[in-house]
Amino acid sequence: MIKEIIKTNRGEFEVFIGGKGTKPICISHLYQEFSSGDEPYSKIIGEHYKVILVNLKNAGHTCKANSKKELTMEETVKDLESIREKLGYNTWAFAGHSTGGFLGLTYLNMYQGKLSEIILCGTAASNKINHSKNNLFNVENRKYRKEAAKIFFKMLFPLMSKKTKEEANKNFFQLCLHNKEKIEEHYKEIENIGINKSRMRAYSSEFRKYDVSEKIKNKSIPTLILCGKYDVQCPVEFSEELHKLLPNSRLVIFEYSNHFPFIEENEKFVNTIQEFSVQNYVS
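This note's numbering puts the first residue of the sequence shown at 1, with every later residue one more than the last.
Hints listed in this document are in silico derivations from the structure and should not be mistaken for laboratory results. Mixed in with the good hints there might be a few duds.
Derived pair list, reagent style DSBU-like, types lysine-lysine, alpha-carbon separation capped at 30 Å [what the hints assert, rightly or not]:
id : residue 1 : residue 2
1  : 219       : 165
2  : 229       : 219
3  : 43        : 244
4  : 50        : 215
5  : 133       : 114
6  : 69        : 165
7  : 150       : 128
8  : 128       : 23
9  : 23        : 133
10 : 215       : 78
11 : 43        : 165
12 : 3         : 219
13 : 215       : 3
14 : 229       : 180
15 : 268       : 23
16 : 219       : 78
Listed next, with one range per pair, are the computed distances between beta-carbon atoms [said to hold, decoys possible]:
id : residue 1 : residue 2 : range
17 : 190       : 67        : 24 to 32 Å
18 : 90        : 229       : 36 to 44 Å
19 : 91        : 170       : 22 to 30 Å
20 : 205       : 147       : 41 to 49 Å
21 : 218       : 2         : 26 to 34 Å
22 : 20        : 78        : 26 to 34 Å
23 : 9         : 187       : 19 to 27 Å
24 : 9         : 250       : 35 to 43 Å
25 : 128       : 68        : 35 to 43 Å
26 : 78        : 201       : 33 to 41 Å
These figures come from a predicted structure and were not determined experimentally. For every residue, glycine included, the Cβ atom is placed at its ideal position computed from N, Cα and C.
Produce the entire structure from the sequences given, and follow the hints as far as they go.
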């Protein structure tokens, strides 16, 4: 993928553009930052779309935010809209994984007419996910509580060494795999994706109020909803809820996956994206 700096009226944004398809699709995440377009989610989608992978404000070589407000989901969607306009697309698709899906659903609520279709993986329409007994972030979830607490302490405590934090990131990723024995193989695919702490803090604060379920209800847009059966971050029942909220949606559950079905069931994920892209190209 080719790195570009896109200058808009809302700032300068680092993007990675590439893929084998012709239909443009924007991909981003609320607090991840990308060093290249060579990450698994974008690579798979890029087999059938023209990917525009965006580093948001404060991430990568994108400009800095002037205030905390600029890091909110709504302001971030406005940033993405400025990129779409600058690139000259009347519409584009959007794909988001996890909190990238929160961003996609906020985009759908704000600018439905600017989206041709959306792909949502391991995500939800509200903060109710943290009250699910299947969510590792639920403080009442005894299965993960102690282990998760230790991991997050190592990840977030400033005095921890870089090596300790990297090990904590790896341990957290392992919690989000169905087949935990494949940690060494799978971690290589995501180890170069960074976490932007300022955006993470902004997301954590805003998530307390996040709920677009009623706002997106019955919006008719081609939507592909993907989720691992054993997802511990955004449990599968919330993808099922999304499927009910969006009448023109297709739900695919990955029977042997946790939060990363595009890694754990790569072949099925590739085929599912292909079927969806062909279906909407024809229609």
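Okay, the hints, checked on the actual structure:
1. 219 - 165: Since the Cα atoms of residue 219 and residue 165 sit roughly 41 Å apart, the hinted pair is violated (cutoff 30 Å).
2. 229 - 219: 25 Å, holds
3. 43 - 244: Roughly 29 Å separates the two Cα atoms, so the pair holds.
4. 50 - 215: Distance ~29 Å between residue 50 and residue 215 Cα, so the pair holds.
5. 133 - 114: Violated, at roughly 36 Å.
6. 69 - 165: Cα-Cα ~28 Å, so holds.
7. 150 - 128: 24 Å, holds
8. 128 - 23: With Cα atoms ~34 Å apart, residue 128 and residue 23 exceed 30 Å; violated.
9. 23 - 133: 39 Å, violated
10. 215 - 78: 17 Å, holds
11. 43 - 165: Measuring from Cα to Cα gives roughly 27 Å; hence the hint holds.
12. 3 - 219: 34 Å, violated
13. 215 - 3: Violated, at about 35 Å.
14. 229 - 180: 15 Å, holds
15. 268 - 23: Answer holds: residue 268 to residue 23 is near 22 Å, not above 30 Å.
16. 219 - 78: 20 Å, holds
17. 190 - 67: 24 to 32 Å: Holds, since residue 190 and residue 67 (Cβ atoms, about 30 Å apart) stay within the stated range.
18. 90 - 229: 36 to 44 Å: The hinted range 36 to 44 Å holds for residue 90 and residue 229, with Cβ atoms some 37 Å apart.
19. 91 - 170: 22 to 30 Å: Check failed, 39 Å falls outside 22 to 30 Å.
20. 205 - 147: 41 to 49 Å: 25 Å, violated
21. 218 - 2: 26 to 34 Å: Since the Cβ atoms of residue 218 and residue 2 sit about 39 Å apart, the hinted range of 26 to 34 Å is violated.
22. 20 - 78: 26 to 34 Å: 30 Å, holds
23. 9 - 187: 19 to 27 Å: 39 Å, violated
24. 9 - 250: 35 to 43 Å: Holds: the Cβ-Cβ distance is about 36 Å, inside 35 to 43 Å.
25. 128 - 68: 35 to 43 Å: For residue 68 against residue 128, whose Cβ atoms are near 25 Å apart, the range 35 to 43 Å is violated.
26. 78 - 201: 33 to 41 Å: 20 Å, violated
The structure shown violates the earlier hints numbered 1, 5, 8, 9, 12, 13, 19, 20, 21, 23, 25 and 26.
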